[in-house]
Amino acid sequence: MKVVYFEYEEGCLEGCNVYSAYLDDSINKNFIDYLAKLGKLVYITDMKKPVFKVIVRGKYTMKGNENDDHFLIILPEGEDISPLLTIKEFIASYVG
Amino acid sequence: MKIYLNNGSTSFPKPAEVTEAIIEHFQSLPGNYGRSGIDKGKGSIVSITRALISDFFNASESHNLVFTSGSTEALNLAILGSITEKCHIVTTAIEHNSVYRPLDKLKQDYGIELTIVACDEYGNVATDDIEKAIKADTKMLVINHCSNITGAITDIQTVSEIAERHDCILVIDGSQSAGVIPIDLQKINCHYFAFTGHKSLYGLQGCGGLFIRKDQNPQPLKFGGTGFKSDSLSQPQEMPYKYESGTMNIPGIVSLNAGIEWIMATGIDKIHARKVAIIKKMVDSIADYRGIKLYYSSINNSDTLLSFNIGKLLPDEVHYWLETNYDIIARSGLMCSPVIRKYIGTAPLGAVRISPSFFTTDEEVDYTINAIKKIADNEENLI
Chain A
1 MKVVYFEYEE GCLEGCNVYS AYLDDSINKN FIDYLAKLGK LVYITDMKKP VFKVIVRGKY
61 TMKGNENDDH FLIILPEGED ISPLLTIKEF IASYVG
Chain B
97 MKIYLNNGST SFPKPAEVTE AIIEHFQSLP GNYGRSGIDK GKGSIVSITR ALISDFFNAS
157 ESHNLVFTSG STEALNLAIL GSITEKCHIV TTAIEHNSVY RPLDKLKQDY GIELTIVACD
217 EYGNVATDDI EKAIKADTKM LVINHCSNIT GAITDIQTVS EIAERHDCIL VIDGSQSAGV
277 IPIDLQKINC HYFAFTGHKS LYGLQGCGGL FIRKDQNPQP LKFGGTGFKS DSLSQPQEMP
337 YKYESGTMNI PGIVSLNAGI EWIMATGIDK IHARKVAIIK KMVDSIADYR GIKLYYSSIN
397 NSDTLLSFNI GKLLPDEVHY WLETNYDIIA RSGLMCSPVI RKYIGTAPLG AVRISPSFFT
457 TDEEVDYTIN AIKKIADNEE NLI
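In the order they appear, the protein sequences are chains A and B.
The C-terminal residue of the first sequence carries number 96 in the working numbering, and the numbering is unbroken.
The C-terminal residue of the second sequence carries number 479 in the working numbering, and the numbering is unbroken.
There may be inaccurate statements among the hints.
To be verified - DSS-like, lysine-lysine: derived pairs with alpha carbons at most 27 Å apart: (1) B:Lys389 with A:Lys63; (2) A:Lys40 with B:Lys470; (3) A:Lys29 with A:Lys48; (4) A:Lys40 with B:Lys408; (5) A:Lys63 with B:Lys469; (6) A:Lys59 with B:Lys376; (7) B:Lys376 with A:Lys48; (8) B:Lys377 with B:Lys366; (9) A:Lys48 with B:Lys377; (10) A:Lys48 with B:Lys366.
These are calculated hints, taken from the structure and not from any lab test.
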């Protein structure tokens with residue numbers, strides 16, 4: 001799996017440092033479990049599509065929907081976007 | 097298939113008649129208002145639409161209509177064009193930044209004093225409170241007709257009587273009311289009435305207008321070619337040329353024409369009744385559901401939009417799951433109205449807003465209600 005690009009989410013009030021990560025493939029449960037290695041996983045199956053949230057305490061939160069090709073990354077307020085590189089490299093090592 | 101419930105921002109879909117009119121416009125020879133003779137003999141679409149909109153708001157005897165890019169430009173023209181010295185201005189807590197920001201510019205330029213009249217927990221502004229805020233040097237009242245957050249409607253008829261009594265210029269922001277409820281400018285008789293074309297008048301984005309009462313003479317905000325008195329290096333003083341410099345947004349005006357024709361043919365009451373029925377169903381379905389807090393009262397309300405929060409979930413979070421999980425396009429956050437949140441309890445991050453359309457189906461309403469309930473069911477896990 002590869003991150004094709006990150007897109008800054010303008011006007012997002014959850015935090016002023018929110019990005020979408022766009023992937024070259026759709027998200028499945030195996031990939032969600034792989035992301036969960038980075039933090040605490042919340043996985044909800046009774047919405048229209050299964051929902052995941054991976055909370056990397058004190059650093060960032062990733063959340064999205066199974067079957068989508070993108071998910072959201074909420075970074076702490078500020079200008080530090082270095083976690084994006086960490087996430088990109090981590091995802092590059094995923095073999096589905 | 098996405099379900100679009102963000103008509104408070106911009107309406108979608110547009111009536112088929114609007115789409116057809118725009119297509120026909122783009123397939124015809126381009127008329128350029130005041131600059132070509134192509135549409136001579138049948139009346140220019142600009143003049144026809146100006147008359148149509150004036151009739152729609154019953155303004156033909158009382159006000160002149162100037163086309164603008166929307167409410168923001170219209171409000172800027174009314175506010176910045178009328179106030180050129182230090183004075184006191186009264187506005188309310190339910191305004192949009194298209195009001196607060198030009199007023200802030202007047203603070204910076206002239207040191208005006210501003211009073212923001214409070215609203216109640218549902219966004220209702222008491223007209224008594226507006227009158228109490230008026231001082232000896234109050235020159236202008238800037239009043240939102242309908243809140244874009246709660247749908248609360250301000251009694252502008254009474255406010256116009258207050259303005260007359262105290263000799264204040266009255267500016268009404270009709271962004272959320274134009275096309276929603278009947279507006280009679282000969283009865284309201286405000287000095288300025290600003291509206292946008294792309295919400296409930298079903299036009300394109302980038303069109304709107306300002307009704308200027310015939311005794312008002314604001315300074316223009318832009319200067320240039322008008323296709324009128326081109327031998328003069330000075331801006332024409334005649335209406336509407338004084339305020340309509342530059343190439344006009346003819347596609348927008350074409351769309352406005354078709355949108356208003358459609359409203360008149362369909363019936364504004366019928367269109368409104370459909371939205372009211374949807375909002376009522378949503379309120380009845382989710383008002384008492386776990387953790388859901390509505391910012392709504394049926395009293396003095398347009399009943400065309402519904403703002404809410406779910407438990408401790410951030411409004412953007414609810415918006416995100418509605419859109420990405422359920423394909424429902426809503427709106428969240430402050431929605432450019434930052435002051436009201438303090439009064440209705442949505443500080444600091446605002447709320448989620450659902451604003452349906454005349455075209456929203458019962459199935460879409462049911463689906464949305466179930467989606468909101470499902471998110472509420474999972475609130476604790478989604479935090």
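Does the alpha-carbon distance linking lysine 377 (chain B) and lysine 366 (chain B) stay inside the 27 Å limit?
-> Holds - the C-alpha atoms of lysine 366 (chain B) and lysine 377 (chain B) are around 17 Å apart, at most 27 Å.
Are the Cα positions of lysine 40 (chain A) and lysine 470 (chain B) separated by 27 Å at most?
-> holds (22 Å)
Keeping to a limit of 27 Å between CA atoms, is the pair of lysine 48 (chain A) and lysine 366 (chain B) held or broken?
-> Status violated; Cα separation ~34 Å.
Measure nothing beyond the straight line between the CA atoms of lysine 29 (chain A) and lysine 48 (chain A); if it is 27 Å or shorter, mark the hint as holding.
-> OK: lysine 29 (chain A) and lysine 48 (chain A) at ~15 Å, within 27 Å.
Could you grab the alpha-carbon distance between lysine 63 (chain A) and lysine 469 (chain B) and see if it respects the 27 Å cut-off?
-> holds (20 Å)
Holds or violated: lysine 40 (chain A) to lysine 408 (chain B), with C-alpha atoms at most 27 Å apart = holds (19 Å)
Holds or violated: are the alpha carbons of lysine 48 (chain A) and lysine 377 (chain B) at most 27 Å from each other?
-> holds (22 Å)
Does lysine 389 (chain B) pair with lysine 63 (chain A) here, judged by a C-alpha cut-off of 27 Å?
-> holds (24 Å)
Lysine 376 (chain B) paired with lysine 48 (chain A) [C-alpha distance capped at 27 Å] | Holds - the C-alpha atoms of lysine 48 (chain A) and lysine 376 (chain B) are around 25 Å apart, at most 27 Å.
Given the hint that lysine 59 (chain A) pairs with lysine 376 (chain B), does the C-alpha gap stay at or below 27 Å?
-> violated (43 Å)
When held up to the earlier numbered hints, the structure conflicts with 6 and 10 and fits the remainder.
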